[in-house]
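Going by this note's numbering, the sequence shown opens with residue 4, and the numbers climb by one from there.
Since the hints were derived computationally from the structure, they do not count as laboratory data.
A couple of the hints might just be wrong.
Unchecked claim - Ranges of calculated distance between the beta carbons of each label pair, as one might list FRET restraints:
#	residue 1	residue 2	range
1	Ser138	Leu176	25 to 31 Å
2	Leu167	Ala83	27 to 33 Å
3	Leu41	Ala141	39 to 45 Å
4	Ala80	Val118	31 to 37 Å
C-beta atoms are modelled at their ideal positions from N, C-alpha and C, and glycine is treated no differently.
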Amino acid sequence: VGRVRLTGVLPALLSLAVPGACLLFVTVDDANFDRYQLPKELWVLALAPLLALAVARVLTVDAFDALALATVVLTAASTAVARTPVLSLRLLSLCAASCVLFVAARRLSPSARSVAWAACVAGPTLVAALALAESFGAVGGLSSAGRAPGATLGQRNEVAHLALLASPAAWAL
């Protein structure tokens, strides 16, 4: 796979993908988890087309890219037979956007890739710090009722899941 040094604002957008998604939420008084998840999903969906344009002219598909694309194809097949098409389309769009982010990140130069790894650790670290601050009463109103400390993810279990998902990036650094 040829490595591309994506210059300008696009590496910065890729580096902001995870921290931005981790920190976005809507402050409305509703028990619905969409106040936490939908803004994060929309952030990723907004970044994906920009990154797709950046790597489209240098795209060569290898085995890892083919596996990522196969995941999107299998998700699309699953969406075609789903009983809840709206939720399935939401999952399909997020799967496709994540695939684009993955493919774009693989084409970054080694130095830009290190910045992206650091961003993948920074987002969950900020969320964990917010959850810790919320648990000690320094900030409030971030979590769902009765589920604090959850920071911008809504509940503490989600914070733990995010920390676990970020651990490979932390080890890579």
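Item checked: Hints the structure fails to honour -> Checked against the structure, the only hint that fails is number 3, while the rest are satisfied.
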